[in-house]
Amino acid sequence: MELLLEVFLFSIPLIILSWALPKRFVLLSQIIITGAFILYKSPISFLILTFISFGNFYLLHKSNLKNSIKIGISLVVLILLIASAKLLFSIHDHWIIPLGMSYYIFRNIHYTIEYYKGKILNESILFYLAYNFFLPVLIIGPINRYHEFVKDWQRRRFNSEYFSAGLQRILYGVSKVMIVGNYLLTAKGAVFISDIDDSHAWLKAYLETIESVLNAYFQFAGYSDIAIGISLFLGYRIMDNFNYPFLASNMQEFWSKYHMSLSAFCRDYIYTPIASFYRKPLLGIIATMIIIGLWHEISFSFLIWGALQAIGIILSSFFKASSDSFIRKNLGRIFVLNYFSLSSVVIHYDELAQALHVYKVLFFLN
Amino acid sequence: MYRFLIAHFPNRIANIIIALWYLFLLILNLYSSISVEPQGAFRYVGW
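Heads up: the protein sequence lines correspond to chains A and B, in order. Residue numbers for the first sequence follow my numbering, so the first one is 108 and each next one is one higher. Residue numbers for the second sequence follow my numbering, so the first one is 4 and each next one is one higher.
The set of hints was computed from the structure by calculation and includes no laboratory data. Even for Gly, the Cβ is constructed at its ideal location relative to N, Cα and C. Heads up, some of the hints might be wrong.
To be verified - Selected chain A positions facing chain B (Cβ under 8 Å, derived; list incomplete): (1) Leu278; (2) Met285; (3) Tyr290; (4) Ala294; (5) Asn437.
Said to hold, decoys possible - Non-contacting residues of chain A with respect to chain B, defined by C-beta distances greater than 12 Å in every case (computed): (6) Phe164; (7) Ile178; (8) Arg262; (9) Tyr279.
Unchecked claim - Here are the simulated distance ranges between beta carbons: (10) A:Ile139 with B:Leu31: 48 to 56 Å; (11) B:Asn18 with A:Leu112: 29 to 37 Å; (12) B:Ile16 with A:Leu233: 45 to 53 Å; (13) B:Arg6 with A:Glu230: 37 to 45 Å; (14) A:Leu472 with B:Ile16: 23 to 31 Å; (15) A:Phe132 with B:His11: 43 to 51 Å; (16) A:His201 with B:Arg6: 45 to 53 Å.
Please work from the sequences and hints to get the whole structure.
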């Protein structure tokens, strides 16, 4: 919550200046305030982001290298950076991932690939820096797209509807974090579950599983809402990150509604190339979901989690409902909540042995 | 929600309902923030 308050604090001058300054200074003010925020919170992240921003821009737009070599260097450096940070996080207990790195590296990979496709026509370093140093989405996403960011900037004008929509979004976001996540699920729900007698081990393990998944969802969706709300205050419409995922009736639909900016990124840059090159959609699904798992953390637990998500999607494509009946839809929803919760047990515990113990309880193997 | 209210109630009633709803959320947020220890960043988000 402290981090959230600091984001709000830095957002106030950001919003005021973005409407008070002449347009030519607005992007610069956004870059400076966001830079000051990240320098204050995480100097190492500031250095990495600055290095990536200037390095990638110079490499792609100013160097005389062949296009394929430029793209290769850019992607290898970005992937090595994120992979080494995540690996260090898995190996060393004291290492923390530099603030927002998981998100800004993916934004830059997106930029590089779009440049390769010839879709980056605007070669302004100011836009690129503003895209990278954009406070609302910097620390927790969504992984917004460069074109949309530039388009919003070009269309940007003072609109009171954006302000009311932004305020509503922030209120809903804070409510998801504070009321549902912190109060109902953590303070009340978790305490209620821990008070359950050990003789009801199955019920306890099951409720803990559901509670931790719902808690993660509400916290994450809440922070995403806040990021989208602050962006609206600045005049940008950032893509949604969640669209009622637990109302999905199969795992395929679930992953098109859950962490949408990441799943859309992986669909565009991992699934589509693999599925179309090898003509094997299943291979695309497995690779995509494993990478989504490893994006969270490079560990065996997340590898298994990713594979389980892939299995869920593949199974759902076999059992796709021919009719959209009410009962079938709701049975599907129950399946989605349970499948996702049960598959997430593997990432909720530091040790795999603990997760295995919970699985034994849940499947009556004790 | 606002669109639903506007479609089904007179404007003034819809505005009052939505204002009360926001007020209710604000009060609940304040109550939650003073009665619950803030949670730290959780690893799922990848901070």
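Now for the hints, and whether the structure bears them out:
1. Leu278: Holds - the Cβ of leucine 278 of chain A comes within 8 Å of chain B, reaching about 6 Å at its closest.
2. Met285: At 4 Å from the nearest chain B Cβ, methionine 285 of chain A passes the 8 Å test, so the hint holds.
3. Tyr290: Holds, because the Cβ-Cβ distance from tyrosine 290 of chain A to chain B comes to roughly 4 Å (cut-off 8 Å).
4. Ala294: holds, 5 Å
5. Asn437: With Cβ-Cβ at 22 Å, over 8 Å, it is violated.
6. Phe164: Answer for phenylalanine 164 of chain A: holds, closest chain B Cβ roughly 25 Å.
7. Ile178: Given a closest Cβ separation of 25 Å, the condition holds.
8. Arg262: At about 23 Å from chain B, arginine 262 of chain A clears the 12 Å cut-off, so the statement holds.
9. Tyr279: violated, 8 Å
10. A:Ile139 with B:Leu31: 48 to 56 Å: Cβ of isoleucine 139 of chain A to Cβ of leucine 31 of chain B: about 36 Å, so the range 48 to 56 Å is violated.
11. B:Asn18 with A:Leu112: 29 to 37 Å: holds, 30 Å
12. B:Ile16 with A:Leu233: 45 to 53 Å: Holds: the Cβ-Cβ distance is about 48 Å, inside 45 to 53 Å.
13. B:Arg6 with A:Glu230: 37 to 45 Å: holds, 41 Å
14. A:Leu472 with B:Ile16: 23 to 31 Å: The hint (23 to 31 Å, Cβ to Cβ) is violated, given that leucine 472 of chain A and isoleucine 16 of chain B are roughly 57 Å apart.
15. A:Phe132 with B:His11: 43 to 51 Å: Since the Cβ atoms of phenylalanine 132 of chain A and histidine 11 of chain B sit about 46 Å apart, the hinted range of 43 to 51 Å holds.
16. A:His201 with B:Arg6: 45 to 53 Å: Holds, at about 50 Å.
Checked against the numbered hints listed earlier, the structure breaks hints 5, 9, 10 and 14; every other hint is satisfied.
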